[in-house]
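Enquirer: So the chains spell out like this:
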Amino acid sequence: MLTLMIFLPLVGFVINGTLGRFLPKAISGWLGTAAVLGSFIIALMSFMDLTGDTTMPERIYTKLFTFLHVGNFHVDFAFQFDRLSAVMTLIITGIGTLIHMYSIAYMHEDDGFYKFFAYLNLFIFNMLVLVLGSNYLMLFFGWEGVGLCSYLLIGFWYKNASYGKAARKAFIMNRIGDLGLLMGLFLIYDTYGTFEYQDVFRLVFVGSAESNAVNTAIALLLFIGAMGKSAQIPLYTWLPDAMAGPTPVSALIHAATMVTAGIYLVIRSEAIYALSPIAREVVMWIGLATSIMAALIGLKQNDIKKVLAYSTVSQLGLMFIALGCGAYTAALFHVITHAFFKALLFLGSGSVIHGMHHEQDIRHMGGLRKKMPLTYITFLIGTLAITGFPFLSGFFSKDEILVSAFAHNKLVFALALISAGITGFYMFRMFFVTFHGTYRNSHHAYDKVHESPLLMTLPLLVLAVLSVVGGAVNLPHYLGEGISGILHHTLSYDGGGKFSPILMYPEHMPEIEHTTEWLLLAMAVSVFVIAFLYTRNKYVTQGAVPESDEAQAGMGKVLANKFYVDEAYDTAFVSPIEAAGDVVGTYVDDKGVKGLVDGFGSGSNFISRLLSKIQNGNIEYYLVYMVIGVALLLAFNLF
Amino acid sequence: MSILNIFNQVEISHYIYLSTVLFAIGLFGVLFRRNAIILLMCIELMLNAVNLLFTAFSSYMGDADGQIFVFFIMVVAAAEAAVGLAILVLVYRNTRKTDVSFLDQLKG
Amino acid sequence: MVLFLFVLMLLNLSKETEPVKSNWWGIAAAISAGSLLLIITAAFQVSGEAVAKNPVEGIGLVKALGKVLFTRFVVPFELTGILFLAAMVGAVLLGKREKGTDALITKEESKG
Numbered sequence: 001m002l003t004l005m006i007f008l009p010l011v012g013f014v015i016n017g018t019l020g021r022f023l024p025k026a027i028s029g030w031l032g033t034a035a036v037l038g039s040f041i042i043a044l045m046s047f048m049d050l051t052g053d054t055t056m057p058e059r060i061y062t063k064l065f066t067f068l069h070v071g072n073f074h075v076d077f078a079f080q081f082d083r084l085s086a087v088m089t090l091i092i093t094g095i096g097t098l099i100h101m102y103s104i105a106y107m108h109e110d111d112g113f114y115k116f117f118a119y120l121n122l123f124i125f126n127m128l129v130l131v132l133g134s135n136y137l138m139l140f141f142g143w144e145g146v147g148l149c150s151y152l153l154i155g156f157w158y159k160n161a162s163y164g165k166a167a168r169k170a171f172i173m174n175r176i177g178d179l180g181l182l183m184g185l186f187l188i189y190d191t192y193g194t195f196e197y198q199d200v201f202r203l204v205f206v207g208s209a210e211s212n213a214v215n216t217a218i219a220l221l222l223f224i225g226a227m228g229k230s231a232q233i234p235l236y237t238w239l240p241d242a243m244a245g246p247t248p249v250s251a252l253i254h255a256a257t258m259v260t261a262g263i264y265l266v267i268r269s270e271a272i273y274a275l276s277p278i279a280r281e282v283v284m285w286i287g288l289a290t291s292i293m294a295a296l297i298g299l300k301q302n303d304i305k306k307v308l309a310y311s312t313v314s315q316l317g318l319m320f321i322a323l324g325c326g327a328y329t330a331a332l333f334h335v336i337t338h339a340f341f342k343a344l345l346f347l348g349s350g351s352v353i354h355g356m357h358h359e360q361d362i363r364h365m366g367g368l369r370k371k372m373p374l375t376y377i378t379f380l381i382g383t384l385a386i387t388g389f390p391f392l393s394g395f396f397s398k399d400e401i402l403v404s405a406f407a408h409n410k411l412v413f414a415l416a417l418i419s420a421g422i423t424g425f426y427m428f429r430m431f432f433v434t435f436h437g438t439y440r441n442s443h444h445a446y447d448k449v450h451e452s453p454l455l456m457t458l459p460l461l462v463l464a465v466l467s468v469v470g471g472a473v474n475l476p477h478y479l480g481e482g483i484s485g486i487l488h489h490t491l492s493y494d495g496g497g498k499f500s501p502i503l504m505y506p507e508h509m510p511e512i513e514h515t516t517e518w519l520l521l522a523m524a525v526s527v528f529v530i531a532f533l534y535t536r537n538k539y540v541t542q543g544a545v546p547e548s549d550e551a552q553a554g555m556g557k558v559l560a561n562k563f564y565v566d567e568a569y570d571t572a573f574v575s576p577i578e579a580a581g582d583v584v585g586t587y588v589d590d591k592g593v594k595g596l597v598d599g600f601g602s603g604s605n606f607i608s609r610l611l612s613k614i615q616n617g618n619i620e621y622y623l624v625y626m627v628i629g630v631a632l633l634l635a636f637n638l639f
Numbered sequence: 001m002s003i004l005n006i007f008n009q010v011e012i013s014h015y016i017y018l019s020t021v022l023f024a025i026g027l028f029g030v031l032f033r034r035n036a037i038i039l040l041m042c043i044e045l046m047l048n049a050v051n052l053l054f055t056a057f058s059s060y061m062g063d064a065d066g067q068i069f070v071f072f073i074m075v076v077a078a079a080e081a082a083v084g085l086a087i088l089v090l091v092y093r094n095t096r097k098t099d100v101s102f103l104d105q106l107k108g
Numbered sequence: 001m002v003l004f005l006f007v008l009m010l011l012n013l014s015k016e017t018e019p020v021k022s023n024w025w026g027i028a029a030a031i032s033a034g035s036l037l038l039i040i041t042a043a044f045q046v047s048g049e050a051v052a053k054n055p056v057e058g059i060g061l062v063k064a065l066g067k068v069l070f071t072r073f074v075v076p077f078e079l080t081g082i083l084f085l086a087a088m089v090g091a092v093l094l095g096k097r098e099k100g101t102d103a104l105i106t107k108e109e110s111k112g
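Chains as they are written, first to last, in the numbering used here: chain A, 1 to 639; chain B, 1 to 108; chain C, 1 to 112.
If we strip away everything but chain A, and leave its shape as in the complex, we get:
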């Protein structure tokens, strides 16, 4: 069953990849969707097996074959479906199905339609391998695979050179993070002698106190990998550029699934992180810095997708803050809710782009709520969810993060609260400028603006519903004992002592008095209200419009130019490497290697010309040569 679930998307990839050219678009698209839907159904059934049964197994384990067996080194190609991977799989396949459905309509006019679905299916397969692997090597396999698919999908419209550049940027930055990940894996093998999760974590748990330094090193190296994949400082600049890909790609990969791979890695390695407070601190501060910086940049972006990209980076920062504070459940909770509303927002923006005939600048939009009502309402729900409107999903998850931050470090809490506030500002800014106010494009285009077809609006509706009720996954305990903390219980479940839970070190839930908690809640809500009122006033009542690119000034200019980070990277890393490449290209390759190879040719030519002078046709010379030859032969024989 497990194997089928994982390999269905692969089958879809193969069929679409090889035969897709000959299939009509409808079949190709629905085939891809059906593959993922099949995986989702199997995942759902397996999840029931895992949790609903009276025996409640720890995990479902399937070994396919021995991947590598060299001397003492032994790695299996095996999958395990335990509570953590179950949650991740449901999200991946569930949202994946919705996005596949959406893409059938969105990519409708594209020539590479079948290719798109092939790549999407391949991506789902790799992501499933990542979260369902039973050892670190399978995780790495899937990790690289999703990096590849990200590259393929970002540069999907390959005829545009800058898209290709963005794709390469994503891949290379990912690779830099992968170096850290690889070194972490090597260190894990060196210290614990195995890659299997079960064995590693048991060994970590048993040999706890002495190996702190090694564990810290491993944790930090793994985090470097997570930095690359989940777009934290300093490896985040690829994510905004990745918006060059089609919108469904941005929704699936760069919002809901791939970027959460880093979070999954950290949660999975909870045992290692629990033993190194230093690593956790590093994770937290980097997450915090990323969160604030990305939020600030998002304030001044004018491309609908770029705002959402920076928002993703910022939210990922929030998740890492939670991980750093030791609140793994809160981080996973936020992954789930973020997947819902971020996918919703991206798909909604895709709907807007589709309706506006590929216009992406919000300064050229406005007043769309009358023309695209369904998109408008779902987008509103998404915005409210992300900014923390009370009782929507985002409210609960963000609040839990803030509470854990407060329990850990008050300064971090304050800064995280500020980040959440800025989230409200830029999200509402984008929302109001796009949907309210007066229409700012040509009237000719206005007539063509239309609501998107059913295949696009249906996923929007589903995701909107999920964004509203998604908080039920892990309600805070003040709302009642019976219905609260479902996710937390799932992750901490140990079958009555029969097996080790996902979170081996019992997560200490922050002990905060009720009054303090209500106070924190109130602060979060008030920040939301302030953001809402301010932006509504500025952009709706006053009808302000974000400035054009030339009119940026002062701090605004710095933010609009993304703190000039890209330019800094260019000068510091890219240009020297390119220059070095040029030097090597001319000297080593062109002159050195080519010279050597050519030298063989011209050398032999030269020598042959020299030697050919011996053959002058004169008998006398030949006779002398003969005599000398005979003399030499005899001499050699003698001595």
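In case anyone wonders, no lab produced these hints; they're calculated from the structure. Keep in mind that the hints are not guaranteed to be accurate.
As the list claims (entries may be wrong) - Here are the simulated DSSO-like pairs of lysine-lysine, each with C-alpha atoms no more than 30 Å apart in a straight line:
(1) K613(A) <-> K97(B)
(2) K613(A) <-> K21(C)
(3) K97(B) <-> K67(C)
(4) K97(B) <-> K591(A)
To be verified - Computed spacing ranges between beta-carbons, pair by pair:
(5) F4(C) <-> N94(B): 16 to 22 Å
(6) I73(B) <-> L10(C): 34 to 40 Å
(7) L8(C) <-> N94(B): 15 to 21 Å
(8) Y17(B) <-> G599(A): 50 to 56 Å
(9) Y17(B) <-> M626(A): 21 to 27 Å
(10) M626(A) <-> V75(C): 29 to 35 Å
(11) M1(C) <-> Y17(B): 21 to 27 Å
(12) S612(A) <-> I73(B): 32 to 38 Å
(13) G66(C) <-> N94(B): 42 to 48 Å
(14) K594(A) <-> L45(B): 57 to 63 Å
Idealized CB from N, CA, C, for every residue including glycine.
Given chain A, work out where chains B and C should sit, using these hints.
Expert: Frame of chain A, contents of chains B and C only:
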């Protein structure tokens, strides 16, 4: 029998030296002379030097194989001289010279 | 050797002067021949005692020679016969007078 005695009184080493010197002189002639006829004659000289040595060894060791070999060497020498001179005559008819150094058309 | 004399007669070389080679040639030839001489001599010094393979009685006599020649070496003997035949045919063919060229020689000689 008396013939044999005389032969055995001269050491084999003398024959060896004589034969080798003759061979070397013949070789020098082959390398130095330009006239084709002289060239062929020097080659004959070399062959005869070898003949002498073979015969000497054959008589000193009582082995008839040496003389048989001399027999065959003489046959080959004669054949080669005949053909070589015929070629020489032809060349002379074409170039009116017996100089060997003008026969370098096969160069390169 | 008679062959040589006949050829000399045919070529009528009395007027021709022997072309002289440069001195360098002489030195080169001397060195090569000399080195070969040295090596052969040295070879004879280091070589071991010679052993007779097939000793026969009465070595100086033609009778002994004939006996070995016509029993053990009869096949090479016949082959050399064939060799002679080939050489003879070849020599005669090569030396054949062509109509045109030979007439030239006789005419010149008759004039001069």
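Enquirer: Work down the list of hints and note, for each, if the structure agrees.
Expert: Hints and how they fare:
1. In summary, the hint linking K613(A) to K97(B) is supported, as the alpha carbons are separated by about 26 Å, within the 30 Å threshold.
2. For the given pair, K613(A) sits about 21 Å from K21(C) by alpha-carbon distance, which is consistent with the 30 Å threshold.
3. For the proposed pair K97(B) and K67(C), the alpha carbon gap of about 47 Å is over 30 Å, so the pair is violated.
4. Taking the CA atoms of K97(B) and K591(A), the gap is near 56 Å; set against the 30 Å cutoff, the hint is violated.
5. Checking the proposed 16 to 22 Å range against F4(C) and N94(B) shows it holds: the Cβ atoms sit about 21 Å from each other.
6. Separation of I73(B) from L10(C) is about 27 Å and departs from the stated range, judged on CB atoms against 34 to 40 Å.
7. Between L8(C) and N94(B) the Cβ separation comes to about 18 Å, which falls inside the hinted range of 15 to 21 Å.
8. Our hint of 50 to 56 Å for Y17(B) and G599(A) holds, since their Cβ atoms are close to 54 Å apart.
9. For the pair Y17(B) and M626(A), the beta carbons lie near 24 Å from each other, so the given range of 21 to 27 Å is met.
10. Checking the proposed 29 to 35 Å range against M626(A) and V75(C) shows it holds: the Cβ atoms sit about 31 Å from each other.
11. Checking the proposed 21 to 27 Å range against M1(C) and Y17(B) shows it holds: the Cβ atoms sit about 25 Å from each other.
12. Between S612(A) and I73(B) the Cβ separation comes to about 36 Å, which falls inside the hinted range of 32 to 38 Å.
13. Range check, G66(C) to N94(B): about 45 Å between beta-carbon atoms, so the 42 to 48 Å window is met.
14. Judged by the Cβ atoms, the range 57 to 63 Å given for K594(A) and L45(B) holds: they are separated by roughly 59 Å.
In this structure, the earlier hints numbered 3, 4, 6 are contradicted, and the remaining ones agree with it.
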